[in-house]
Amino acid sequence: MSLNSIVCIKSVVLSAPDGVGRRTPQNSDLNPFDRPALEAALRIKASLGGSVTALTMGPAVSIEALAEAQAMGVDGAVLINDPSLAGSDTLVTSRVLAAAIGRLTPYGFVFFGTRSADSDTGQVGPQTAALLGVPFVSGVKQMQPASDDWDITRRMDEWEEVWRVRLPAAVSIHPMAFSPRPIPLAGIAQAHDHMKVQSWSLADLGLPADRVGLAGSPTRVANLKKVKRQRTCRMLDGEPREQVEALVAYLGTKGLMGS
Amino acid sequence: MSTPFLNPKHRLLRRTVRAFCEKELRPIAGQIDQEARFPWEVVEKMARLGYFGIQAPVDLGGAGLDAVSYAVIIEEVSRVSAAIGLCLSVHNSVALYPIVAFGTPEQHRRWVPDLAGGKKIGAFCLTEPNVGSDAGAVAATAVPTPDGWLVNANKVFVTNGGIADICLVFARTDPSAGRKGISVIVAERGSKGFVVGDLEDLCGMRANPVSSIRLYDCTVPKDNLLGSPGQGLAIGMAALDTGRIGIAAQALGIAQACLEEGVRYANQRQQFGVLLARHQAIQMMIADMATQVEASRMMVYRAAALKDQGMPVGLAAAQAKLFASEAACTVSDLAVQIHGGYGYSKAYAVERYYRDARVTRIYEGTSEVHRLVIAREVLNG
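Chains E and D, in that order, give the protein sequences. For the first sequence, counting from 1, position 42 maps to 42 in the working numbering; every step adds exactly one. For the second sequence, counting from 1, position 351 maps to 351 in the working numbering; every step adds exactly one.
Extracted from the complex, chain D is given alone in its bound form (with noise of 0.2 Å):
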């Protein structure tokens, strides 16, 4: 594939991080699914590599790398396994951006060399049991008292939740201020009242150990507020914008491998005396697939490019992840559909692509989210 948004550093990432997944995790990827099993022995390698702290700068143990390198790693892991692509993007771009980009200089001390060399866990807990795009019913609470932040939450669905060491949570710190009541505050697994709920069990995304995380009356050091009281909504619309592009990126990852999945099934089954290959039916599915493919790689790239250039990233971001989740779920059923009733075997990877694009459309955001954003930005402007 040549694309005109890559220079030379993100073709050599490209090709270390394919070889690095290639022999690291393909052989393990399916095994993992089915086990819904976190592979640390792989993971640590990732980290010992920098693949936990990609956009964080050198000086805080960063790879310091840009939001198209960013691209091209998660959607180059994603293509081999996305429950491992959604541990990276949540982990760099909704749990260690914001800490570079709003924390401290004590705060960036005390958390960003931990998590940019993988050595501690970052996850982003927002949603709870009645606040999923309605973010800004948060139920949480954060109260201030002597000893630093009460905090009672009671958060669902984490990305990372059952390994999270370091955990944004947002919490209500005005009762009476509404969006603007809410805060970030970061707690830490071990904190007292600190606890990792059971496993979900779900349809993809099997590898990541996705969990609730609950705090009672977890004291949390005052200085773990991030930002500053109230800002927590505005932080967390930061990181999404970049968490986008990190999901996008992986539904790329997944779209490009139903691509060459479904191109080396058509090219190996014979029907008809033919290969699939040489049926129309079969070549119209492949065409649509890699167009599809290839428009979600350019809005990725593009997005990533904005970013990279100070641009303003909010409407190619979301138009971005829609697109591109959209089309994983399209790319992936066709898959399947090229593989006929091995496709919808376990035998045959295209399965779990099928299984792992579907969230896509719904987390950080649904598709239905993303239009509301899209429509506002286009209407006003």
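The shape of chain E in the complex, shown without the other chains (with noise of 0.2 Å):
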């Protein structure tokens, strides 16, 4: 049994910008909770085999993320990239993620990260599992085929399920689970030297303009800026046992430990 994959990434801005940023090789980097994810599809292909396609929206520059997955071993790499989709919310990228994989067809696993560093919505994955009509699941950590199906268990603050599900499907997986291999220096020479990338636009995927961008987005960034947070500082009193108690209370009513 082979399968293929399809691992949708995204290049992210390194630095929150003020007001509308531009995009440079500098500020850009490959969306670190995706690493896990062309991991994880990476990991499938070496013990059934198949093929792994990177797939990214975004401008030019996303180039870069594209790079590096092909420097971690992915078969191919496409890149949406078209002026009309500058603007372009969650719902709108799903949608022409949705259309492009409609062109990688057949897949098995279309493969996410839970959530992008910069916007960190998490809302892509299963926006364009739904779009698609295939299954979903979040934060997985392990997959398994199970006769003509494959168990998946995704990841919850102490809980794991496992769900079963049929082909094809979509899943995101958890930033903890598959860590990302490092990478070869021959990979990096190998993935710019004979650079292999697919460049598509609106028209390849047979979208319209008003489909796409601000012009087909519900939603629009109306406003952005820094944000600083206000540090507190509190200090306990009592024996040392009595102040960890109290901060072993303190840190659990506010979810940051386990009770």
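You may find that some hints are simply not true.
What the hints assert, rightly or not - The list that follows gives simulated cross-link-like pairs (lysine to any residue, SDA-like), each with its CA atoms no further than 25 Å apart:
1. D:Lys45 / E:Ala177
2. D:Lys23 / E:Ser179
3. E:Lys196 / E:Thr24
4. E:Lys228 / D:Val274
5. E:Lys45 / E:Asp148
6. E:Lys45 / D:Lys45
7. E:Lys141 / E:Gly258
What the hints assert, rightly or not - Away from chain E, derived, C-beta distances all over 12 Å, residues of chain D:
8. Val143
9. Lys222
10. Met237
11. Glu260
12. Tyr342
What the hints assert, rightly or not - With the Cβ distance kept under 7 Å, some of the chain E side facing chain D (calculated, not the full set):
13. Pro25
14. Glu64
15. Glu68
16. Pro182
17. Ile183
18. Pro184
19. Leu185
20. Ala186
21. Ala189
Hints listed in this document are in silico derivations from the structure and should not be mistaken for laboratory results. Source: prediction; values computed, not measured. Glycine included, C-beta positions come from ideal geometry on N, C-alpha and C.
Put the complex together from the two separate chains, hints included.
Pasting the structure below:
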């Protein structure tokens, strides 16, 4: 059994811009939450065969995120880049990705990171799955073939659930679950010297311009400003044991520590 | 930092190497310095990822990267552990590179895959107790016999000496030919008469097992001559042209680390009720450090870029090595000064950087020799 996987990745902005930021290679990087998703897909390929394709929608600088995916070992890379995509919200992003995935059939799994490090919505994975009409499991830590189906373990705070799904399906990978492989230097040379990125425009996807970008987006960012978090210092009184108990109780009520 | 010399490949390399070094080397960098221990557990991972064959051809097991990539990698590794940066620089540029450049196809097959894969470590054995800057005065001898070369050599301050398997030994094959009578013989650890001396107890770069290597009536196969008889110093100088880019990149990495630590400390330490960073005296130091680092970076990348374009690189590499190593000493000195008494303590990393920086002005050609090389080029055009 061989399996073709698609990993949706994003080139994220490293530092929060004031207002609308210009994307440069220096302030962009592959979304760190996408690396475990690439790793999960590559491990399935290593055990079952098949192929892994990295897919991204974004400005031209996103090609550097695809190159990193290639250096990790993916077989193909697709960049969806079109001027009319500027201003797309998560729904449009999902619509565009779903249209692109429709061109990459047949596939078994579509992988996502749980969220992006810059906009942090976690919406694109589940929305894309809904548009494709395929099952979606989030926060996945393990994937096992089970006869015709797959057993997918998802992890929450102190729980694990196992879902049995039939392919094709979509998953988002828990950030702690699949430790991404270190990239070999030869992979970097290979990825750049033999770059094989397919570039698709809206026309290739058959999507009209008014369904994408700002025009097609039901939401838009009205304002963006930096927030300075207030830091407070609270002194604990009493003997060390009492101080520790007070600290543990406080962290428990804040949900930062299990009870 | 942004620089016009880097393309997307170099940027990905920098991020990748930095992430690896922060994860694997940073936690142990101070400890391996104090214990003077070579960290095989990390080095083996680096070997599998291609760090020991950075510029070696892909079909011989190398990563097939260019010289700018090489400089970026050495800079980033040295930013965290200069001693490991040194191991890579010497292995890649003065052991592996000459074999790739001057070796026969048969020699390539014998040595390059093992070296590029880090299964074997390389060393460059030129310096002797009485032969330093005066490389032409080599006293080691290699006498042709029916069984091969009979080599006698006392080589000192051999970087990687304690772990090296494949050593490029500079020895006199024609006693009457002066500088033209020196050849490079490749000696392998384990040969009869091949002795690794005690490790040096050094001021800096302590995680690198620098040792002497002595060959006592060591018989080396005839085919282990690299290049032709008498070509030794020419091979050595070609290797050092490349090596200088590596050492310059190493000095740059140390200086970059010093700048980062200086900035970090200036932004957390308060004196007279305000952060150090608010004191103009400290600002002057930070400005000088940042400028020296950036100037070094431009010179190092320029030399590497010239090499990638096939341009003559001797002058640019010598200038980069001279400038970057002097800058590393200045910048590490300022980093210690910003830290005050703490900077003189092993509790802070700048103490190690200060010790590590010093030798970059000495090895692979002293600053003074580099000035001679530069003056000769400039005066004679």
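Results for each hint:
{"no.": "1", "hint": "D:Lys45 / E:Ala177", "in the structure": "holds, 21 Å"}
{"no.": "2", "hint": "D:Lys23 / E:Ser179", "in the structure": "holds, 12 Å"}
{"no.": "3", "hint": "E:Lys196 / E:Thr24", "in the structure": "holds, 22 Å"}
{"no.": "4", "hint": "E:Lys228 / D:Val274", "in the structure": "holds, 21 Å"}
{"no.": "5", "hint": "E:Lys45 / E:Asp148", "in the structure": "holds, 17 Å"}
{"no.": "6", "hint": "E:Lys45 / D:Lys45", "in the structure": "holds, 23 Å"}
{"no.": "7", "hint": "E:Lys141 / E:Gly258", "in the structure": "holds, 21 Å"}
{"no.": "8", "hint": "Val143", "in the structure": "holds, 41 Å"}
{"no.": "9", "hint": "Lys222", "in the structure": "holds, 34 Å"}
{"no.": "10", "hint": "Met237", "in the structure": "holds, 27 Å"}
{"no.": "11", "hint": "Glu260", "in the structure": "holds, 17 Å"}
{"no.": "12", "hint": "Tyr342", "in the structure": "holds, 24 Å"}
{"no.": "13", "hint": "Pro25", "in the structure": "holds, 6 Å"}
{"no.": "14", "hint": "Glu64", "in the structure": "holds, 5 Å"}
{"no.": "15", "hint": "Glu68", "in the structure": "holds, 6 Å"}
{"no.": "16", "hint": "Pro182", "in the structure": "holds, 5 Å"}
{"no.": "17", "hint": "Ile183", "in the structure": "holds, 5 Å"}
{"no.": "18", "hint": "Pro184", "in the structure": "holds, 5 Å"}
{"no.": "19", "hint": "Leu185", "in the structure": "holds, 4 Å"}
{"no.": "20", "hint": "Ala186", "in the structure": "holds, 4 Å"}
{"no.": "21", "hint": "Ala189", "in the structure": "holds, 5 Å"}
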